[in-house]
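With the sequences and hints as input, model every part of the structure.
Residues per chain, in single letters:
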Amino acid sequence: MRTLDATIATPPIAQADRRRQLAPLLLSAPLLVLLLALLVWPLAHLLRQSLLLTGAPAAGLTLHNYFEIATVPRYRHALTWSLELSLAVAAGSTLICLAPAWLFTRYQFPGKRLMRGILILPMTFAGMIVGFLMIILLGRTGFIPQLLERLTGKPFLSGVGYQFPGLILAYLYFEIPRATLTLESALRKLDSRLEQAGRSLGANRWQVFYLVVLPVIRPALISTFAVTFSVSLGSFGVLLVLSIRRFTLLPLEIFTQYIAPPTDQGLAAAMSFTLLAVAFATGYGLRQVARRMEGGNA
Amino acid sequence: MKQCRIIVLATAFLALTTCLAFAEPTVIQYDCIPNYANWGAVTKAYQKKTGVMVPPDMKGSSASMAALEAEGKSPKADCAYYSGAIGFQAASKGLHEPYKPKGWEKIPAGLKDPNGTWWTVHTGHVAILVNTSALKGKPVPRSFNDLLKPIYKGMIVYDDPRIHGTGFTFVSGINAVLGGGQDLKAGFDYLKKLDNNILKYAKENSYNELLRGEVPIWINADGNGLKAKYVDKAPIEIVIPAEGTVTMPLVMGLVKGAPHKEAAKRYLDWLLSNEAQHLMAESFFQPVMPVKLDSSLQAKFPPKSAYAKAKVLPLDKLAAQADGIKKRWEKEIEGGQ
Numbered sequence: 000m001r002t003l004d005a006t007i008a009t010p011p012i013a014q015a016d017r018r019r020q021l022a023p024l025l026l027s028a029p030l031l032v033l034l035l036a037l038l039v040w041p042l043a044h045l046l047r048q049s050l051l052l053t054g055a056p057a058a059g060l061t062l063h064n065y066f067e068i069a070t071v072p073r074y075r076h077a078l079t080w081s082l083e084l085s086l087a088v089a090a091g092s093t094l095i096c097l098a099p100a101w102l103f104t105r106y107q108f109p110g111k112r113l114m115r116g117i118l119i120l121p122m123t124f125a126g127m128i129v130g131f132l133m134i135i136l137l138g139r140t141g142f143i144p145q146l147l148e149r150l151t152g153k154p155f156l157s158g159v160g161y162q163f164p165g166l167i168l169a170y171l172y173f174e175i176p177r178a179t180l181t182l183e184s185a186l187r188k189l190d191s192r193l194e195q196a197g198r199s200l201g202a203n204r205w206q207v208f209y210l211v212v213l214p215v216i217r218p219a220l221i222s223t224f225a226v227t228f229s230v231s232l233g234s235f236g237v238l239l240v241l242s243i244r245r246f247t248l249l250p251l252e253i254f255t256q257y258i259a260p261p262t263d264q265g266l267a268a269a270m271s272f273t274l275l276a277v278a279f280a281t282g283y284g285l286r287q288v289a290r291r292m293e294g295g296n297a
Numbered sequence: 000m001k002q003c004r005i006i007v008l009a010t011a012f013l014a015l016t017t018c019l020a021f022a023e024p025t026v027i028q029y030d031c032i033p034n035y036a037n038w039g040a041v042t043k044a045y046q047k048k049t050g051v052m053v054p055p056d057m058k059g060s061s062a063s064m065a066a067l068e069a070e071g072k073s074p075k076a077d078c079a080y081y082s083g084a085i086g087f088q089a090a091s092k093g094l095h096e097p098y099k100p101k102g103w104e105k106i107p108a109g110l111k112d113p114n115g116t117w118w119t120v121h122t123g124h125v126a127i128l129v130n131t132s133a134l135k136g137k138p139v140p141r142s143f144n145d146l147l148k149p150i151y152k153g154m155i156v157y158d159d160p161r162i163h164g165t166g167f168t169f170v171s172g173i174n175a176v177l178g179g180g181q182d183l184k185a186g187f188d189y190l191k192k193l194d195n196n197i198l199k200y201a202k203e204n205s206y207n208e209l210l211r212g213e214v215p216i217w218i219n220a221d222g223n224g225l226k227a228k229y230v231d232k233a234p235i236e237i238v239i240p241a242e243g244t245v246t247m248p249l250v251m252g253l254v255k256g257a258p259h260k261e262a263a264k265r266y267l268d269w270l271l272s273n274e275a276q277h278l279m280a281e282s283f284f285q286p287v288m289p290v291k292l293d294s295s296l297q298a299k300f301p302p303k304s305a306y307a308k309a310k311v312l313p314l315d316k317l318a319a320q321a322d323g324i325k326k327r328w329e330k331e332i333e334g335g336q
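Chains A and B, in that order, are what the protein sequence lines are.
Each residue of the first sequence is one higher than the one before, starting from 0 at the first, in numbering that gives the first Met the number 0.
Each residue of the second sequence is one higher than the one before, starting from 0 at the first, in numbering that gives the first Met the number 0.
Worth double-checking, as some hints may not be accurate.
What the hints assert, rightly or not - Cut-off 25 Å, straight-line C-alpha distance, at most; resulting in silico cross-link-like pairs (BS3-like, lysine-lysine):
#1 K153/A to K137/B
#2 K72/B to K255/B
#3 K152/B to K192/B
#4 K153/A to K135/B
#5 K153/A to K148/B
#6 K191/B to K137/B
#7 K153/A to K152/B
#8 K72/B to K264/B
#9 K255/B to K92/B
#10 K192/B to K330/B
It is worth saying that the hints were derived from the structure and are not from the lab.
In structure tokens form, the structure reads like this:
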């Protein structure tokens, strides 16, 4: 199918066409300049900084900072913990949000707009605010432990906010809007006649979902996963407030290396670059996978 | 026509207010946390008196020093406030410019640099701040040793010493209070045991959480506890530990290359005046200048005898060890290795 498209799409390009292509290029020139100024230049600076020793920049380019990330247990753990947390949160929020996204695109019911508004709200919160919310909810004297104490006599779940489950919950909370919005726009494009056809051919609801809907929305699920993964990977405001013990994340290590003396800007830059490479590779890789799927479906 | 006039008026008003906002003279002080040492009221009084605004800045000591280092030759701040050792370190890194504010000669020796690269504005002491209603019937701890009891599990907070000066003073001073030697082993052994009872090593300010009882026991400056008790009327008890405590000079310095240098000098002069020193004392930090406090205010401070065993740590030695102590804390205590 794709090879056929390719042969059709390559007629000899006329001069006029070429001129017509020039206009969009010229129009996007300011954007390109901006990208160069705001992305390429700082990145180049960051890369250079990551290859220099903070104490002795004259010693020349070295991979020492990257080597340190790989060998110092604290930094290595920070990287693996960041990956694990982001994977879990991305998978969790994509799955959780499938239901509300479906609900919002397919059904009309009173209070829908309000419910949707409430669900989207956390998107505007900074990570630190979500952290404070978590303390109010599940801190030592949080709302839930106090309620449980009143009901059962024991403050169950007290202080869970300062532990790993609290962190996961907080991350899920602020990824839910992003996941819902991304999935919603994909579901809206889904042709409901496909499902009707499936139903009329005798498939039950689950079979229709599994055999008809899922293959079509799979690229959307993957891109939702990619978006939530990369946002989780870069955020640390929640952890800054919760200060979970024996635990750290790579972005928090970058923050500490940069603001808490003794600082090491070279190491911080190397960590930033590592994080960036991981985020970019996952985003790009997943997008390729999604595109291939879409191609396969067409 | 009428609409037109409204637009013109609105634009004129906007232009005027923006002009005023930019024209308003400011002095930037790094580490100017309104809830700490009464900086909120101190800066407000200064603005009322002179019209000069000193906006709040939520960076701790270490973060302030790091910011000045990162900003290099074009600093954003005019002056900075630090916990003693960090201020000393910042001064020795050449981040400050020598200045001797008015009244400088009255600051006791040892609490200022002879060249004026740093000086003390007030002192505090490490204390155990206890929200008694959050203890739920458990006894109030009276000493650092009491804090190791298992009944306080998950109830104790102290600040991350890599970020906050008070946390650093505690972590580096506990060894001397417990009579430890040069290797700081006694101190770190204690911190390791204390780790079992810790709720978190706070990276954010925990003052409000202490008031609410979310944090029942906060190892922090006595002044913050007295403020919580007398100003915010929370059920807080300020315990000066039986083993003794550490005196922490809180110091300031004029930033090298300060963007509003002359205004900053006038502000730094004023901070040693009777008025400013009294205001700082209202948040229960001990004034460094010999000012006579109202007897009602004086009565709220713990008796002098409670501080008999307080140790003044030599800032130079502390500053030299600061990086090592923080790294060691990160590895052995926070990292649990």
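For each hint, the structure was consulted:
no., hint, verdict
1, K153/A to K137/B, "16 Å, holds"
2, K72/B to K255/B, "8 Å, holds"
3, K152/B to K192/B, "11 Å, holds"
4, K153/A to K135/B, "13 Å, holds"
5, K153/A to K148/B, "21 Å, holds"
6, K191/B to K137/B, "23 Å, holds"
7, K153/A to K152/B, "16 Å, holds"
8, K72/B to K264/B, "19 Å, holds"
9, K255/B to K92/B, "11 Å, holds"
10, K192/B to K330/B, "15 Å, holds"
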